[in-house]
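Both chains come to you apart, so use the hints to assemble them.
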Amino acid sequence: MSAANSNSPAGVEMLRVTGLHAFYGESHILHGLDFVVNRGEVVTLLGRNGAGRTTTLRAMLGLTGKRSGSIMVNGRETIAMPTHDIAHLGIGYCPEERGIFASLTAEENLLLPPQVASGGMSIEEIYTMFPNLQERRASPGMRLSGGEQQMLAIARILRTGAKLLLLDEISEGLAPVIVQTLGRMVRQLKQRGYTIIMVEQNFRFAAPLADRHYVIEHGRIVETVPMNELQGKMDRLHELLGV
Amino acid sequence: MFELLGITPQALYSQLLVGLINGSFYALLSLGLAVIFGMLNIINFTHGAQYMLGAFLAWIGLTQLGPWLGSPDFSLNYWAALIVVPLLVGALGIVIERTMLRHLYKLDHLYGLLLTFGIALIIEGLFRQWHGSSGKSYDIPEVLRGAINLGFMYLPKYRAWVIVASLTVCFATWFVIERTKLGSYLRAGTENPRLVQAFGINVPLMITLTYGFGVALAGFAGVLAAPIFTVSPQMGADLIIVVFAVVVIGGMGSILGSIVTGLALGLVEGLTKVFYPEASAVVVFVIMSIVLLVRPAGLFGREK
Numbered sequence: 220m221s222a223a224n225s226n227s228p229a230g231v232e233m234l235r236v237t238g239l240h241a242f243y244g245e246s247h248i249l250h251g252l253d254f255v256v257n258r259g260e261v262v263t264l265l266g267r268n269g270a271g272r273t274t275t276l277r278a279m280l281g282l283t284g285k286r287s288g289s290i291m292v293n294g295r296e297t298i299a300m301p302t303h304d305i306a307h308l309g310i311g312y313c314p315e316e317r318g319i320f321a322s323l324t325a326e327e328n329l330l331l332p333p334q335v336a337s338g339g340m341s342i343e344e345i346y347t348m349f350p351n352l353q354e355r356r357a358s359p360g361m362r363l364s365g366g367e368q369q370m371l372a373i374a375r376i377l378r379t380g381a382k383l384l385l386l387d388e389i390s391e392g393l394a395p396v397i398v399q400t401l402g403r404m405v406r407q408l409k410q411r412g413y414t415i416i417m418v419e420q421n422f423r424f425a426a427p428l429a430d431r432h433y434v435i436e437h438g439r440i441v442e443t444v445p446m447n448e449l450q451g452k453m454d455r456l457h458e459l460l461g462v
Numbered sequence: 004m005f006e007l008l009g010i011t012p013q014a015l016y017s018q019l020l021v022g023l024i025n026g027s028f029y030a031l032l033s034l035g036l037a038v039i040f041g042m043l044n045i046i047n048f049t050h051g052a053q054y055m056l057g058a059f060l061a062w063i064g065l066t067q068l069g070p071w072l073g074s075p076d077f078s079l080n081y082w083a084a085l086i087v088v089p090l091l092v093g094a095l096g097i098v099i100e101r102t103m104l105r106h107l108y109k110l111d112h113l114y115g116l117l118l119t120f121g122i123a124l125i126i127e128g129l130f131r132q133w134h135g136s137s138g139k140s141y142d143i144p145e146v147l148r149g150a151i152n153l154g155f156m157y158l159p160k161y162r163a164w165v166i167v168a169s170l171t172v173c174f175a176t177w178f179v180i181e182r183t184k185l186g187s188y189l190r191a192g193t194e195n196p197r198l199v200q201a202f203g204i205n206v207p208l209m210i211t212l213t214y215g216f217g218v219a220l221a222g223f224a225g226v227l228a229a230p231i232f233t234v235s236p237q238m239g240a241d242l243i244i245v246v247f248a249v250v251v252i253g254g255m256g257s258i259l260g261s262i263v264t265g266l267a268l269g270l271v272e273g274l275t276k277v278f279y280p281e282a283s284a285v286v287v288f289v290i291m292s293i294v295l296l297v298r299p300a301g302l303f304g305r306e307k
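Protein sequences appear in the order of chains A and Z. Residue numbering for the first sequence follows our numbering, starting at 220 and increasing by one per position. Residue numbering for the second sequence follows our numbering, starting at 4 and increasing by one per position.
What the hints contain is simulated information worked out from the structure, not anything from laboratory work. Note that the Cβ used here is the ideal one computed from N, Cα and C, for glycine as well. Any given hint might turn out to be false.
[Said to hold, decoys possible] Below, a sample of chain Z positions facing chain A; criterion: calculated Cβ distance under 7 Å:
id, residue
1, Ser187
2, Arg197
3, Phe202
Only chain Z is shown next, with the shape it has when bound in the complex (with noise of 0.2 Å):
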């Protein structure tokens, strides 16, 4: 069969993994800006710089930070940087939220996307002034180097451990907003976050912890890229116009679409790529304005 076809079994495989991993990405990253949408209706165009930030702070933590602080021994390795990282990202997402993207919520989701977009172009501006645009290498770590024999192809340890990790990120947040107490109020809050807060719940501490969230995911998914794609400023902005049509086909604000949508686009794109390999780079904005078309809200949205 893959003879008639004219591709290689290695071929295709290997294109289905890296397919899997770009969506491993794009859920992750399609994620946090659904849930960011969903609590504070603001169209978060920084998502892109704050993964860049991610992967750069990991770096950062890798090579620079020893030499820093005076002691060129320390470094923080990627286990740590993989919890330090988002933390960071996140706190300087709280920040964002608390001084800027606070004063923008009664207003058009346009004044926010403009704001976030300001802000993305500002940080990556920054970046591109300190490390210029040629990439930085983050080496992967020891016991993640090499690849597991599968029989019908090799599966680079990193990259299993990539898919297993956002897998595993994602699930675990889809768990916590749709079963738990705390999702309760989030997705409530969601619907109608006044009556949330005449119930006593205090909601401007929710948006700003969701949103500290939502961008704690995209440091975590800039992290996992770091060792895999090529570290620099412009990391970001290439995968988010992805990303943000990922969000387009499954619906604004819904969780396990962006989930979905994201992983199932990923394989879309590596299958395109070994049957049509010219058309890899636009399949999924073909498949964005076929939604758009046929269902505006988006495959798992709700129509307003």
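Bound conformation, chain A alone (with noise of 0.2 Å):
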């Protein structure tokens, strides 16, 4: 990735959104956004509050209001696709507020998400990288801690065969060493060769992980940042974060 140029990257793409506008009933939210992920990298999508990240990402599953422009994801155009056809291209989502159902049990909800590609994680081998799901396999989706909900939350897409990542906030509200370890899966994943997107505010969590950042500030992206150029570009990212 080294030899990335921000703009276009090498690599082959797994995901293009090209002139995105996005509404929430009458307030137009995302004002043409463009970017692009390629197979394998980890990509962030920064800015303060209110910014439009967490929109992009439910943008690109159809879950906004009405949207316009193109994105395309293995070369396929997907913005006029209904919602559940959109996750059968590979997608996983793990939803800002984790979305754990509280009526089901951690194990139903680990189920829940249907198979979208061949490939996924068995039980057993998510069961290895998150043991305390095991332990609380009956307890109701309800009763679990923040931390267990953040780790099921991610488990369920990793079982479905998704290849391409939707993270959002994953790191917020949890202690230290839970952050470490999300930190910790996250480096294993993509060593796996998935494709992530995180929305992160922590951005001291973020910055070792990706490949590229980007800025997003009234719904539009105002700044491409590569891994080699983060430490030349640091105090333009204080500005547009006010970190």
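Right, here's the structure in full:
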């Protein structure tokens, strides 16, 4: 990745978002977003609250209101697809609020998302990666701790065979030791060839993990920072993120 | 003891049986309402009309279908009706969901309630137009005629069958929803349909089938009711008011709650008929008022 140019990184393209606009009712949130993610990359979407980072992930899945522009996943246009078909292109979504179903047990939560591609992790692999979940398998979703819920929210999309993971604020509100575990997990997943888009508030968590950072402001990408330019652009990032 | 209270054991048992029968219908109907409300967020006021439709279709199948088709000997018997009629009522429900209800999900509950209430009035009006308000009778199928002597009372076979059949269907529904993979989709979809859809499950289709199923339960109850209650256009309207009270007491959207509450209130009604008959028509509503004051989410409901 070191030779990558910021606008057209080398490698096989997994996702290309072009001119994406998205709305919630009357409010226009995304104003023509463009970015590219290649297979096997980890990228982050950074920005202040309300900049449109979460909306970008939701728009990719058709979970916003009206949207326009183009979202190509593995060369297929998805802008007009119904939400339930988009997942079957191999996308796994971990929402900011984690979305653990309170009336389902931990294991039912884990088994809920249907297989969308071959090559997902087996239950055994998942329980090896997250031993806590095995102990809590019969507990109702609402009894799990914040950390366990977060693990479960990620674990259940690893089972489906999805290779493009959308992780929204996975480090939010968790104890430092759990955040470290999640960091190790993201590295492991990258080694296994997963493509990951992370929305992060916690820049210190995201910085060492990502190949590239996209900074969003007012629903547009205003800065692209490849890993190797990170040091040089720290001042600019501080200014944009207000960290 | 019975003498002290001035009642006979026979009266007590027979009213308890009537209560259990009514409770079976309350359970079946409120279960359908609970399933529909959970997934669609719609209070299905058409439920009573769909129950009536079930009974009427069974009657039409038994007595009218043959002559219509030009072969007077042909008729859809009770057992066939028990399968075919719920499918027909469910299919009609699916048409209603696809063409009308689906446009209301984003609006307040009130709109769904008004629309389904309107549809109920139309269906009932059409049947009153075609068949008048007088009731039709439906013969009990041959094998279920007569009664079993239990020693302390005679149990009519058909009534025993109604209780067994409706409890079986209620239990099977509960089992599918609470204990199977398919049910986990339904429970998850009730909580957060958008996320379930983002995982790749066709939620709009699931909603359509849920409505079809809930309505088919009403159709099934209608067929069960045909031989014991008079088949008439307003039979559903009379029953559904009590059923809504049952749903309020049990808690909107609770599966087990609707079954247990349905049966229990049937029994309470039966007991009231024995001990204080004057109150039997209002006892359910008195309980509803108390529950609303003390526990507004219902006995089995979760506060939101």
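### Query
Holds or violated: is the Cβ of Ser187/Z closer than 7 Å to a Cβ in chain A?
5 Å, holds
### Task
Using 7 Å as the Cβ threshold, decide whether Arg197/Z counts as touching chain A.
Where the cut-off is 7 Å and the nearest Cβ of chain A is about 6 Å from Arg197/Z, the hint holds.
### Phe202/Z as an interface hint toward chain A, with CB separation required under 7 Å
For Phe202/Z, the interface hint holds, since the closest Cβ of chain A sits about 4 Å away, which is under 7 Å.
Consistency with the previously given hints is maintained throughout, with no hint failing.
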